[in-house]
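Protein chains: 4
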Amino acid sequence: MKHAKPLPGYLVQRYEGWRATTYSENQAWYRRLANEGQRPRAMVISCCDSRVHVTSIFGADQGEFFIHRNVANLVPPYEPDGDHHGTSATVEYAVTALKVSHLIILGHSSCGGVQGCLHMCNGTAPELEETTSFVGRWMDILRPGYAQVDAMNLPTETEQLRALEKKAVLVSLENLMTFPFVAKAVEEGELSLHGLWTDIGEGSLEYYAPEDDSFKPV
Amino acid sequence: MKHAKPLPGYLVQRYEGWRATTYSENQAWYRRLANEGQRPRAMVISCCDSRVHVTSIFGADQGEFFIHRNVANLVPPYEPDGDHHGTSATVEYAVTALKVSHLIILGHSSCGGVQGCLHMCNGTAPELEETTSFVGRWMDILRPGYAQVDAMNLPTETEQLRALEKKAVLVSLENLMTFPFVAKAVEEGELSLHGLWTDIGEGSLEYYAPEDDSFKPV
Amino acid sequence: MKHAKPLPGYLVQRYEGWRATTYSENQAWYRRLANEGQRPRAMVISCCDSRVHVTSIFGADQGEFFIHRNVANLVPPYEPDGDHHGTSATVEYAVTALKVSHLIILGHSSCGGVQGCLHMCNGTAPELEETTSFVGRWMDILRPGYAQVDAMNLPTETEQLRALEKKAVLVSLENLMTFPFVAKAVEEGELSLHGLWTDIGEGSLEYYAPEDDSFKPV
Amino acid sequence: MKHAKPLPGYLVQRYEGWRATTYSENQAWYRRLANEGQRPRAMVISCCDSRVHVTSIFGADQGEFFIHRNVANLVPPYEPDGDHHGTSATVEYAVTALKVSHLIILGHSSCGGVQGCLHMCNGTAPELEETTSFVGRWMDILRPGYAQVDAMNLPTETEQLRALEKKAVLVSLENLMTFPFVAKAVEEGELSLHGLWTDIGEGSLEYYAPEDDSFKPV
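Residue numbers (the numbering used here), protein chains in the order written: chain A, 1 to 218; chain B, 1001 to 1218; chain C, 2001 to 2218; chain D, 3001 to 3218.
Treat the hints with care, since some could be wrong.
The calculated lysine-lysine pairs, modelled on DSBU-like cross-linking and capped at a C-alpha distance of 35 Å, are [what the hints assert, rightly or not]: (1) 2/A / 1216/B; (2) 2099/C / 3002/D; (3) 184/A / 216/A; (4) 3184/D / 3216/D; (5) 1002/B / 216/A; (6) 2099/C / 1099/B; (7) 99/A / 2/A; (8) 1002/B / 99/A; (9) 1005/B / 184/A.
Selected chain D positions facing chain B (in silico; Cβ < 10 Å) [what the hints assert, rightly or not]: (10) 3006; (11) 3009; (12) 3013.
I should point out that these hints are in silico values taken from the structure, not numbers from a laboratory.
For glycine and all other residues, C-beta sits at the position ideal for the given N, C-alpha and C.
Here chain A stands alone, though its shape is the one from the complex (with noise of 0.2 Å):
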């Protein structure tokens, strides 16, 4: 792999800084939880985007979390097809092997992926559609979702999009209860789960409260 470059020495300086304060710090703990393995209490789905900070927000240690982070945190349907399915391995290692006890899929504000499927299903970003468009299909899970949202006819962009970044979070738990081993540890009550989706510039937090089908403050 005659490729790959040295680290850049901003991040090896802060990485430096790192060690000798944070690692320094929590040095028994890290030996202890490479020693004796992790035990998070939750796994988070969450957006890639650079201004989604699942740690920071929660407070969270090394230790606390497993996280997945793809495009628009979505969880496709359950396919057993022996394909390589990246998400659903994550949920099925925290689920059958970690016994994670919440499951938080988070959705965010200004979500590029939630906007090229907005466009792709309306008809602005016919590339999206093609075969060769990772983005475009991947976003395609989230088409059941954009039917929902096209038929509200909200007026403007702004509020369709904040519409489907809310529903983007809503097909995945759905999603998630096609899994037999999630729905099976939810209804044993191993485990719960939990739809967020926060603004990113106003720093709020809602939930989703299926007695109103809506999202409401936390």
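Since the structure of chain A is provided, determine the placement of chains B, C and D on it from the hints.
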């Protein structure tokens, strides 16, 4: 989606603490990030493992890193077959839409996914060979790496595991180069690839150095 | 301009080293910064003093800080009289064109400019009172601060100097608020102001806490 | 000064990393610098632009460079009129108090200040002509340079901008020689002047060679 539950109180409390402190201190920047969009300098692909803290290790704040996390920080080869490819979608978005300058694969010690692959390949975990095992099918990506590690005849499982964890970083870097848009960006000097491996207990960090075909301390 | 000389060899050599290492490792990012323009998160106003290393203290790389450095890190009051106001131009550019989110005044120990002000104001450096003294006229900005420090009746010059160095940070923060565009951005929550003072020898860092009207360790 | 805020957490963290590494490794030297005062070999006048990293390019550590940074690295002519002249104060302090041996003007590509001057002078940015525009009034220093560049009839704005950026270096060098203490130090061989221009994206560095009246690679 009747199964969703409110956020556990301990997370609500921590979120409120974050909002009153970190968010409050950085509101101007977070609003600007929301209005103007993200412009991350680097993409990091790391493991979901709760013991790996990318942002902490690199002193990174919101807006700096586009982060994909999956089981064992793997990148599959380029397969534009129209299926859902979550990891490929993240790479496509980072390289073609966000035009990140660095793409970092961050492996780590005591990786449960890599250990699963080792056991699957050496015959001690036949359940991972099943079609219905998402983790098994995902770890298939690392099978070519296992063959190479097996040929090394390393005496202990600890050594085999470490070798396979590092091989996972290399296999991912090699697979990245099979994506036409990655190869193009690398060749044009717009993107640099980096392979890292961290020891969770020791807090050490190594990078892949092609000239020696080995990992060296940063 | 016949007086210009080639760069001294030791700097040519170091530049070539930088180009072969740091530049080479970060070429993609530097090219992108050049093509897309800067988007610094913060502006820092610090002293020209060779012992103050803003980027080093904050682990900052190219593109992070818009930096103005002058004698004693002073900001003059708002004076739109059509004259050359170098410092005011930097603040105007940072706040109105770049829309930075943080504006940090960084004072420091053993500041030669502040010491000059102390001596000028207590009568021991009459040459700084002359119209032709650029340093004296520049330090006039800090005269109101001297009056306050003088009223404290601090016993030693060391204590007076330290008090005046911190007062310089406060005077600059207050003068910043006389610029309409700064006041507006602060009031709208788009900009936050920060006052810092660092001890060069001890490597300590203090920030101004309005609730106690004093500097406290960060 | 009720508006001051604590330092954002990400900078506190990075500062603590610096203190535990760089400071800790260099404590003896930093203490000596604090006790004995600075003795920089050179003064550098560069732009505030976040993409210009003087200390990085020249591998400079604390104590080496007395650094003034303003919009477009300009030096105004000698005007001992009793007003605040921040830049003149820095030059006076460096040359008469610190007696630096080298005075370097460092210009750069894609300079926003120089671009503003170009647009102001060619009539496309009338707002910069207003008395209240600090950036406009500051860039007035470069008007004589614009006249010369305009006479070159360069076909594209890119070429005009580059020519004006280099002219800004020359105008500053010429203005430096109008300061009696600079001219004297240069004539007595105690100070040498240097004009540099760096291309941010390409990492190249050129110096002004009087014998050819042009910039050449170092």
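query: Tell me, which hint numbers fail for this structure?
result: Hint check: 7 fails alone, others pass.
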